[in-house]
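K.L.:
Residue strings, one per chain:
There are 4 protein chains.
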Amino acid sequence: MLIVMKSGSTREDVDRVRDVIQGLGYESQALPVAERLAVRVSEYAREPSCELFETLPGVELVLPISHPVRKVGRLARSEDTVLRFGSREVGSGGFTLGAGPCAVENEEQILAVARSVRDAGADMLRGGAYKPRTSPYDFQGLGEEGLKLLALARKETGLPVITEAVDEASVELAEEYADVIQIGARNMQNFALLKRVGRSRRPLLLKRGMSATLEDLLLSAEYLLDAGNPNVILCERGIRSFSDHSRYTLDLSIVPVLKRLTHLPVFVDPSHASGHRSSVAPLARAAMVAGADGVMIEVHPDPSLALCDGPQSLRPEEFAALAASLKSLAPFMAEQRETVP
Amino acid sequence: MLIVMKSGSTREDVDRVRDVIQGLGYESQALPVAERLAVRVSEYAREPSCELFETLPGVELVLPISHPVRKVGRLARSEDTVLRFGSREVGSGGFTLGAGPCAVENEEQILAVARSVRDAGADMLRGGAYKPRTSPYDFQGLGEEGLKLLALARKETGLPVITEAVDEASVELAEEYADVIQIGARNMQNFALLKRVGRSRRPLLLKRGMSATLEDLLLSAEYLLDAGNPNVILCERGIRSFSDHSRYTLDLSIVPVLKRLTHLPVFVDPSHASGHRSSVAPLARAAMVAGADGVMIEVHPDPSLALCDGPQSLRPEEFAALAASLKSLAPFMAEQRETVP
Amino acid sequence: MLIVMKSGSTREDVDRVRDVIQGLGYESQALPVAERLAVRVSEYAREPSCELFETLPGVELVLPISHPVRKVGRLARSEDTVLRFGSREVGSGGFTLGAGPCAVENEEQILAVARSVRDAGADMLRGGAYKPRTSPYDFQGLGEEGLKLLALARKETGLPVITEAVDEASVELAEEYADVIQIGARNMQNFALLKRVGRSRRPLLLKRGMSATLEDLLLSAEYLLDAGNPNVILCERGIRSFSDHSRYTLDLSIVPVLKRLTHLPVFVDPSHASGHRSSVAPLARAAMVAGADGVMIEVHPDPSLALCDGPQSLRPEEFAALAASLKSLAPFMAEQRETVP
Amino acid sequence: MLIVMKSGSTREDVDRVRDVIQGLGYESQALPVAERLAVRVSEYAREPSCELFETLPGVELVLPISHPVRKVGRLARSEDTVLRFGSREVGSGGFTLGAGPCAVENEEQILAVARSVRDAGADMLRGGAYKPRTSPYDFQGLGEEGLKLLALARKETGLPVITEAVDEASVELAEEYADVIQIGARNMQNFALLKRVGRSRRPLLLKRGMSATLEDLLLSAEYLLDAGNPNVILCERGIRSFSDHSRYTLDLSIVPVLKRLTHLPVFVDPSHASGHRSSVAPLARAAMVAGADGVMIEVHPDPSLALCDGPQSLRPEEFAALAASLKSLAPFMAEQRETVP
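Protein chains in written order, with our numbering: chain A, 1 to 341; chain B, 1 to 341; chain C, 1 to 341; chain D, 1 to 341.
Check the hints yourself; a few may be wrong.
All copies of an identical chain are treated as equivalent in the list; a pair is satisfied when it fits inside any one copy or across any two copies.
To be verified - Quick list of in silico lysine-lysine cross-link-like pairs, BS3-like style, CA-CA up to 30 angstroms: (1) Lys327 with Lys155; (2) Lys148 with Lys259; (3) Lys327 with Lys195; (4) Lys195 with Lys148; (5) Lys259 with Lys155; (6) Lys259 with Lys327.
Hints are computed from structural coordinates only; laboratory data are not their basis.
Since the structure is predicted, the reported quantities are computational estimates derived from the model, not experimental observations.
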C-alpha cells in the first residue's frame with residue numbers, strides 16, 4: 001500500500017498516519033522525497049484496509065495495491081517523467097496530439113494523412129503495420145513494408161512515428177523504423193513481450209487492457225521500468241462494460257488517478273474507446289481538461305474505404321477542427337495547472 | 001430504430017438511406033422536422049442491423065433501439081428542451097452548476113452550504129431529505145423536516161432547490177417544497193414511481209441506473225414524458241464495471257450521444273461516480289467540454305463529519321475553486337458551439 | 001466484517017483468529033451459536049482487510065462487508081430458514097421447482113400452463129400481473145384481473161402462487177391473492193417498497209438486482225427482515241456484464257457463497273438470465289448441483305405468441321423433460337449433502 | 001451469421017428461414033451437413049439482425065457474429081472433435097478431470113500432487129512452469145526445470161501433462177515435455193502466439209480471456225485451426241464483472257452455447273474463476289451438468305505455503321472428495337445425453 005501525502009502536508013499529518021499504521025501492527029517508513037509516506041509491506045504480507053487512512057488530514061490518496069509498485073509510482077520519483085523527440089516533449093505540461101490511420105495501407109494514404117495531420121498541428125504520427133485483429137481473416141497489416149512507409153512519412157513531415165509491435169520480430173523492426181513503440185491493449189499482459197520491449201532503447205506507449213484494473217496497468221508498466229526502460233507513456237483506451245452505446249467504455253476518471261500516483265505521462269485514445277466518429281472530439285477535449293498529457297486520434301482520408309476501424313476515424317478536415325479546438329483550450333489548462341486543485 | 005441525419009445532409013443522402021431500408025423490406029418515413037429520417041417499426045417488429053446505415057453519407061447516428069422512443073428523441077422535437085427557474089435556464093446553451101450536501105443534516109449545515117455555494121456561483125442547491133441507503137441501519141434522511149430546511153435555504157439564498165423523492169408520499173412533499181424532483185439511480189426502473197412523477201407539475205432530474213443501457217435510460221425518460229411531464233433532465237452518475245479505482249465508472253461518452261439523440265438537457269454527477277474528492281474537479285471540467293448542460297457537485301462544510309458520502313464531498317473552498325475554473329471554461333465552450341463538430 | 005468458522009473448527013482455531021483481530025486493534029466477540037466468530041465493528045468504524053483472515057485454520061469464509069448484516073447472516077441464526085406452503089417446504093433440503101409464464105395473459109393461457117407444470121411436477125406457479133417493463137409502450141400486465149386468474153389457477157391445481165408486486169397498491173392485492181410476493185430485480189433497491197413488503201405477512205422472493213453486489217443483496221434482504229418479515233427467498237437472476245451471448249450473465253457462483261453466509265433459501269432464475277430457451281435446462285441443473293434450493297422457470301404454451309419474454313420460455317413438453325431431469329438428479333444431491341464439502 | 005437448425009428440423013423449417021433471408025436481400029446456402037443452414041456473408045458485408053430468425057420454427061440458435069467462423073463451427077464439422085492421449089479421450093462424451101498445482105515448485109511438491117490426484121481419479125496433470133504474473137516481482141515459474149519435473153511426474157503416474165506456454169521459446173520446450181499446451185487467458189488475443197502454437201503438433205487448451213466475448217473466443221480458436229492445429233479445447237475461466245464475491249465471474253452459461261456452436265471440447269476452470277476453495281466443488285459439479293467436457297482443478301499439498309494462488313487450491317483430500325462426487329454424477333449425465341434437450 002502506498003499512502004501519498006499532499007505536497008503541503010505537515011510533519012504532524014505524517015506522524016498521525018504513521019501512528020495509525022503502527023497501531024495496526026505494521027511497519028511504516030517515511031520516504032524522504034517531498035514528504036511522502038509509504039507503508040513498506042513485504043512481498044507476501046497482507047495489508048490493512050485503505051479506508052483507514054483516506055480521511056486522515058494531509059492524505060492525498062491511498063493506493064489499494066497489494067503488489068508493490070516500485071518504479072512507476074511517485075514514491076520512486078516525484079517529478080514527472082518527460083520524453084523528448086527532437087524539439088518536442090511529452091509529459092512536461094504541454095499536450096501531445098498524436099494522429100494517423102488505424103493501419104498503414106499504402107504510400108499514398110499514409111503520406112496524405114501525415115501531411116494533413118502535420119498541417120493541422122499534430123505532434124506525432126500513428127499508424128499500424130502489425131495489426132492484432134480479432135479474426136484471422138481480417139487485414140493483418142503490411143508488416144515491414146508498412147514500417148518503411150511510416151519512416152518515409154516521418155522524413156516527409158518531420159513527425160515522430162509511433163507504431164505497434166506484437167512479438168520479438170516486430171519489436172526489432174519497430175526499433176529500427178519508429179520513434180515510439182506501442183504495446184496494444186490485447187498484449188498489456190503479454191509479459192514476454194513486456195520484458196522484451198522493456199529492454200528496448202525506444203520510448204514506449206502502453207495501452208490499458210480492456211479488462212485491466214488500475215493495479216494491473218501499473219504492474220504491467222512496472223515490468224517495463226523494471227526491465228530498464230524508463231520512457232513509458234500510459235494510455236487509457238476504453239474498458240469492457242455492459243454499456244453498449246460505445247464500442248468500449250472510456251474510463252476517463254483513471255486519468256487524474258494515474259497523474260497523482262505515477263510520474264509517467266498519460267494519454268487517452270478516444271477513437272478506439274467510442275468507436276464513433278462523432279464522439280471523438282468531445283472526448284478528446286474531455287481528456288485534455290481531465291489532465292491527460294496527450295491524445296491519439298485516428299484519421300483517414302476516406303473512412304468509408306478504411307481497411308480497419310473506418311467508423312471511428314476522423315476525416316482530415318474534422319481532425320483539423322479538433323486540433324484547433326484543443327489548441328484554443330490549451331491556455332485554459334496551463335492556467336488551471338497554476339491555480340486549481 | 002432511429003436514423004438521425006446530420007443537419008446539413010442533402011435530399012440525396014436521405015433518399016439513399018431510404019433506398020437501403022426499402023431494399024431490406026422495411027417501411028421508412030422521412031420525418032418533416034429538419035430533414036431527419038426514421039424507420040417506422042411497429043412495436044413487435046424486429047429491426048435491421050444498425051451497421052447497415054452507419055457508413056452512409058449524411059448519417060449522423062443510428063440508434064440500436066428495438067423499443068420505439070417516441071417523445072424523448074430529436075425526431076419528436078428537434079429543438080432543445082429548456083427548463084426555467086426564475087431567471088435561470090437549463091438546457092439553453094449555458095452551464096448549470098448544482099451543489100449541496102448529500103443529505104440535509106440540520107439547519108446550520110444546510111444554510112452554511114447554501115450560502116457558500118451561492119457565493120461561489122452555484123445555480124441550484126441540492127440536498128437529500130429522503131435517502132435511499134444500501135443498509136437499513138444507515139441514516140435515512142430527515143424526511144419532511146429536511147424539505148423544510150431546504151425551503152428555508154432557498155428563501156435565504158434565492159437558489160432553486162432539487163431533492164430526491166422515493167415514493168408516493170415523498171413525491172407529494174417534494175412537490176410542495178422543492179423546485180426540481182430527482183429520481184435516483186436505484187429507482188430509475190421503479191416504473192410505478194416514474195408514472196407518478198410523470199404526472200407532477202415539477203421538473204424532474206432522472207439519474208441513470210448503475211446498470212442501465214442507453215436504451216434503458218431513454219425508455220425510463222419516455223415514461224416521464226408519456227405521463228405528461230416534458231421537463232426532464234437526464235443525469236449520468238457512473239455505472240458498475242470491474243474497474244475499482246473509482247466508486248463507479250463515469251461513462252462520460254454517453255453525454256455526446258444523449259445530446260445528439262434527445263432534446264433533453266444532460267447533467268453529470270462526478271461526485272457519486274468517482275467517490276473521491278480529488279477526482280471531482282477534473283471530471284466536472286471534462287463533463288462541461290464533452291457537452292453536458294450542467295453538473296451536480298456534493299459539498300459539505302466538514303466532509304469528515306458528513307453522515308453520508310463524506311469522502312466524495314468537496315469542502316466549500318474547493319467548490320469555489322472548481323466554480324471559478326468552470327466559469328473560465330465557459331467562453332471556450334460557447335465558442336465551440338459555434339464552430340466545432 | 002463477519003468471519004464464519006467451519007462447523008468442525010476447534011477452540012484453538014477460534015482463539016487464533018481472535019488474536020489476529022486483537023493484534024490489529026479491533027474488538028472481537030465469539031458468538032455462542034455453533035462456534036462461529038464475528039468481529040464486532042460499530043456502524044461507522046472501518047474494518048481490517050479480509051485477506052488477513054482467509055488463510056487461518058478453521059476459517060470458512062470472510063465477508064468483506066462494511067455494513068453490518070444483522071439478521072440475514074448465519075451469525076444471527078445458524079439453522080436454515082424454512083418456508084412452508086401446505087405440505088410443501090422451501091429451504092429444508094429439497095428442491096423447489098417454480099414454473100409459469102412471464103405474464104398472465106388470459107384464463108385459458110394460465111390454466112393451461114398451470115395444469116401442465118403441475119402434471120410435470122412443479123411445486124409453485126409463477127405468473128406476472130404487474131410487469132415492470134423497460135418501455136412504457138409494452139404490455140404492462142393485467143393487474144388485479146391477472147391476480148384473480150392466478151388464484152383461479154391455484155384453486156384448479158393446488159399449486160401455491162408467486163407473483164410480483166411493484167408498489168403499495170399491488171402489494172395489497174398480492175397479499176390477498178398470492179402465496180408469495182416477488183420483488184423484482186429492478187426494485188431490489190426500491191427501499192420504500194422493501195419497507196412495505198417487510199411488513200407483509202406473506203413470504204417474499206427477492207431477486208438480485210442486475211448490478212447488485214453480494215453486499216447490496218444481503219442488505220436489501222436485511223431491510224425485509226428488519227421490517228419484521230423472516231420468510232425471504234433470495235434469487236439470482238443474472239447480472240449485467242459485457243458478455244453478450246446471453247441476456248444477462250448468470251452469476252451461479254453466488255449460490256454457494258449465499259448458502260454459507262445466510263440462513264435464507266436461495267433460488268436461481270435461469271430463464272431471465274440466459275434469455276435463450278436452449279440454455280435453460282443446463283443452467284437449471286447447474287443451479288441444483290451448485291446448491292440452490294429451487295429454480296424459477298418460464299413456461300408458455302406457445303412462446304412465439306407470448307406477450308413477454310417468448311424466446312426464453314420453455315414449451316410445456318420441454319419443461320416436463322427438465323422436471324424429470326431434475327428429479328433424477330435429486331438423489332445425487334441428497335447424497336452430496338451428507339458426504340461432500 | 002450462422003443460423004443453426006435443430007437436428008430434428010424439417011425441410012419446411014429450413015425453407016422458411018431461407019425465405020426470410022432472401023426477403024432481406026441476402027444470399028443463403030443450405031449446408032448439406034445434418035440439415036443445417038448458413039447465411040453466406042462475404043467478409044466485409046454487413047449482416048441482418050439475429051432476432052429476425054430466433055423465433056422461427058426449427059431454429060436452434062443464431063450466432064450474432066460479424067466475422068466468419070469458418071473452421072471452429074458445427075457448419076464446418078458437425079461431429080465432435082475428440083482428442084486422444086493414450087487410452088484417454090477428451091470430447092467423446094466422458095468427463096475429463098484435470099488437476100494439479102498452479103505452479104510447479106519443486107520435485108517433492110509436484111510428485112506428491114501428481115500421485116494424489118492420480119489416486120483420486122484425475123485424468124490429466126496440470127502445472128505451470130512459465131507463469132504469467134501480474135507483478136514482475138512475483139514468482140515467475142521454474143521454466144525448463146519445471147517442465148522436466150512435469151515430465152518426471154508423468155513418468156511416475158502415467159498422467160498426461162498440460163502446461164502453459166507464453167512465447168516462442170516456451171512453446172518449443174512445452175512441445176518437447178508436455179502433452180497439451182495451454183494458452184492462458186491473458187494471451188488469448190496474443191495473435192503472434194496463437195499463430196505459433198497453431199503450427200504445433202501438440203493439442204491445445206485455449207482459455208477465454210477475461211474480457212472476451214463469445215465471438216472473440218471463437219475467433220481466437222479460429223486462428224489455431226486456421227494455422228493447422230485441429231486439436232483445441234476451449235476453457236471458460238471467469239470474466240471480469242463488477243461482482244466482487246468471487247475473483248472473476250464464472251460465465252457458466254457459455255458452456256451450452258459453445259457446445260451447440262462448435263465441435264470443440266469445452267472445459268471449465270472453477271479454481272481461477274472463484275478464487276475461493278469452498279466454491280470450487282459446487283462449481284465443478286455445475287460445469288459437469290451444464291455440459292462441459294472437463295474441468296481443471298488446482299490442488300496443492302499445503303495451500304497456505306503455495307507460491308501462487310493458494311486460497312483457491314484444494315487440499316488433496318478435498319480433491320478426492322470432489323472427484324468421487326463427480327464420478328457419482330457421471331451416470332446421470334450419460335443418461336441425460338440420451339434423453340434430454
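K.L.:
What hint numbers does the structure not satisfy?
P.N.:
2, 3, 5
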